[in-house]
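Number of protein chains: 2
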Amino acid sequence: MRIILDRESKISLYLQIRNQIRRLIQTHTFPPGYCLPPERKLATTLGVNRSTVVNAYRELEADGLIESHVGKGTIVKPMAILENVKEPDIPVQPLIWKDFYNRQSEKMYNPALSNILDHLAQDDLISFAAGAPALETYPLEKFAQINSNLIMKSQGYPFEYSSTLGLYSLREYLAEFMAARGIETQPENIIIISGSQQGLDLLAKIFLEPGDAVVVEEPTYLGAIGVFNAAGAHILTVPVDENGLCTDILEQILARHRPKFIYSQSTFQNPTGVTMASDRRMKLLQLAYRYHVPIVEDDAYGELYYDTPRVQSLKAMDDYNHVIYLSTFSKILFPGLRLGWIVAPSSVIDMFELAKQHADLHSGTTVQWLITEFCRQSLLEEHLHNVRDKYTSKRNVMLRALEKYSPPGLSWNVPKGGFYLWCQLPLGINATTLLSKASEKKVAFLPGDAFYVSTGGQDKIRLCYSRCPQETIEEGILRICEALTEISQAQSSTQNSYNPKNRINPFI
Amino acid sequence: MRIILDRESKISLYLQIRNQIRRLIQTHTFPPGYCLPPERKLATTLGVNRSTVVNAYRELEADGLIESHVGKGTIVKPMAILENVKEPDIPVQPLIWKDFYNRQSEKMYNPALSNILDHLAQDDLISFAAGAPALETYPLEKFAQINSNLIMKSQGYPFEYSSTLGLYSLREYLAEFMAARGIETQPENIIIISGSQQGLDLLAKIFLEPGDAVVVEEPTYLGAIGVFNAAGAHILTVPVDENGLCTDILEQILARHRPKFIYSQSTFQNPTGVTMASDRRMKLLQLAYRYHVPIVEDDAYGELYYDTPRVQSLKAMDDYNHVIYLSTFSKILFPGLRLGWIVAPSSVIDMFELAKQHADLHSGTTVQWLITEFCRQSLLEEHLHNVRDKYTSKRNVMLRALEKYSPPGLSWNVPKGGFYLWCQLPLGINATTLLSKASEKKVAFLPGDAFYVSTGGQDKIRLCYSRCPQETIEEGILRICEALTEISQAQSSTQNSYNPKNRINPFI
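Residue numbers (this note's numbering), protein chains in the order written: chain A, 41 to 548; chain B, 41 to 548.
Keep in mind that the hints are not guaranteed to be accurate.
A pair holds if it fits inside one copy or across any two, identical chains being indistinguishable in the list.
Claimed, not checked - Under the rule of at most 20 Å between Cα atoms (straight-line distance), these lysine to any residue pairs were calculated in the SDA-like manner:
hint: 1; residue 1: K430; residue 2: T114
hint: 2; residue 1: K323; residue 2: D347
hint: 3; residue 1: K477; residue 2: S532
hint: 4; residue 1: K434; residue 2: V454
hint: 5; residue 1: K117; residue 2: K477
Calculated directly from the structure, the hints in this document are not laboratory data.
The shape of chain A in the complex, shown without the other chains (with noise of 0.2 Å):
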């Protein structure tokens, strides 16, 4: 009986013993009406519990590979020859898969992304890596709450399918939430989407195909530049200054190309925490009437407003629906839910409805439901005003610790809102060399590089503050100064391009 047991398997040893056995009767190596060995002998051969070789013959007799018969012991069954796999007659090679991937696919790769993902797993580490919102704010109580209270009484509507678009008292719940925001719309204006991320999928599988071209603040969010990229998209980028897209540039672009629409963050923007001034923002729609281009707004940030009243989208100025506005829990609730929403003219609500089906049929019945029972309670009003006051004492933690720390030649914005700090780096440092060294020193951040299409980006860095508890922000920065620090002096003993005193704005 050739059975070799592994030990430190993941799969339980009986299953071991009842693969193999139903595979030697496959192979014929037990032909019908062979005589396995008693359980217990089999059992003391094996070095494992009766039970454990009891339990692999009860699976290999429902299976209808083998049968028990008083006094005959347990036999391998006539039918189970039918299971037989033959030997293919001639030797089979190992699939290529590679060979099998259209050519878009290898546009997929985005390795800041995963880092980003990776790097919130890691204890140990202070990281003002990943945008993500506060733990400690996240309402777990009031979840709780609505489970226990709710579910049973629910009669099962929770857990079935669903329409595409999504729940429609949620639907409900958000075209009052965005008329609160200025944005006049109805509940059949709006589709519910698992996150933006899959309302910029849905939008590439809509709109793009290889070669379109399409405009997007430098820097911008990464995973929209991943999506584009992987549309095979023609990226055309516009700059972000301390007031937001440059319009100007805007227009020369416009003047030469037919873009598929205009990506932008209006307000508190990722990576830089800027927010689009009101003139900027005119303009920018003017062009897009102009020049008859959608806009796609994403508002992920604009409820994290600090001490200045709410900044008025794009959507909300839009007399003429050329605006896509793309929203999410995830920053002003909590990520693990995977819930976004999309407000947009009619014709393009039924466009999206069609590619979320063939996506996922449509989001979680389970969690739309459990948000909708939690914004019908006031509770993410409430929320909402509790986690502006944790933002803002984050942020100011942030830019004291900053102060406080920083070496010459360290410069960074004061967002106004959202989860962001834009760095420019002193003259000569390298973001990478900066994340390495920083890394020794168990403090994360992301390289600004990641955030732009082609190249730039490699003296900046984007410093998360709404993610990490407060009381480490400072330990945080202090580290990171070390690091640049070390890094300069190290790099001076060898050369001499350094100069301390040549602040750079960083958004040039």
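Based on these hints, arrange chain B on the given structure of chain A.
This is chain B only, laid out in the frame that chain A set:
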């Protein structure tokens, strides 16, 4: 004051007032310094409560548009002019959105899938249309317990971003679950997806580009036809008979074409309920090996066997790693969570990971965590044991009702598992005509042509018995048989083509 309130709108009255005043300020109708009417007076003019106007003014103040001064009343702030959107110089033309969509997007239209989702929502209908599990089997109490007991102890983890591949603990469970079904795999070879529909979408994203050939069974799952069509694939079809995919015909196709993969539902196929015979499975694998073609095995129903021993999946029989295996919790537990999984060779899992990262970052952490807790308590195996009995009874009730009420010329198969009966209509009766008559009688099913790639299936229907409460199955079948008889009578009074003796095998 030109404010017009729509009392039937879903938008609150206070928001309507606020939005209209804001627009009047932005268009300079109310210039900076303009004095708004006192709250009480405006309330009387509009016929609303004073508190409604108070709330509107409060929002406008929070937006930074107006300010209140004791003695002076409420006036428009000077800075408000910044928010003014100038009218564009030239008239704005509405966007012709369809000119922006890509060439593939028009292939997404798939009315049958929308119909299924819609049918589920109608309460007074006896529906054999949607392929969904039985609501009465959903283990609500178990899930309610998991929620209330564990969310608080979870420290927020279920609401966080998580790995694109899925929770490791869930993949560990599934590796064991697969091993118990003869598929020896590791958590590293498994990716969690948002239902098997997403698996198909990712598959298309990785493997297909316009013009690529794929092989499917005919009839087959309409969601697969939809995705492959939308990807611009050339879909080659192999008929299904009572022993499953006709491997002889497949061989002829493989000799002439080089498909990217063969898509097969090997067990309790949707829509036919048919299970591929053992010799066909072996032949299919050998053809895949000989012609170097991957197989995509969609095994959504394999666990729902009735009285026979579990059928071995293609993946379990595949010694040479040619099979990508797809399954889902949607049919064996419930669909509202949107969770499924793929088992594949490592290099292929890497590609799925990239594609999924772009598609939605990862499947919901919350629902993955819920189902992991459920599975860890051995509740899935217990649940499967219960539902197998349940569906056996429902199938039997439907078969008995058909025997009792069937008019001549109607025939059907006897599935040994899964959700579906596949029926051949009497000669000359069209499935869509029947559906229309049946709908009048408040009973629904899916016409066969939805499951065909081009033409075919107009004389067949799919009856799903899993979903419907057992006590309404007989009534539903009675109504369909009455509809059939009425159509036959109407037709035979005008034409003579119908011969009741002409029973046809539903697989031809």
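* **Copy assignment of K323 with D347, given that the CA separation must stay at most 20 Å** => neither (25 Å within a copy, 70 Å between copies)
* Within a copy, between copies, both or neither: where do K430 and T114 come within 20 Å Cα-Cα? -> Neither way: K430 and T114 sit 68 Å apart in one copy and 32 Å across, limit 20 Å.
* At most 20 Å between C-alpha atoms: does K477 with S532 qualify within a copy, between copies, both, or neither? -> within (16 Å within a copy, 86 Å between copies)
* **Within, between, both or neither, where K117 and K477 count as close if Cα-Cα is 20 Å or less** => neither (65 Å within a copy, 51 Å between copies)
* Intra- versus inter-copy proximity for V454 and K434 (alpha-carbon distance at most 20 Å) -> within (12 Å within a copy, 65 Å between copies)
Of the numbered hints stated above, those contradicted by the structure are hints 1, 2 and 5, listed in ascending order.
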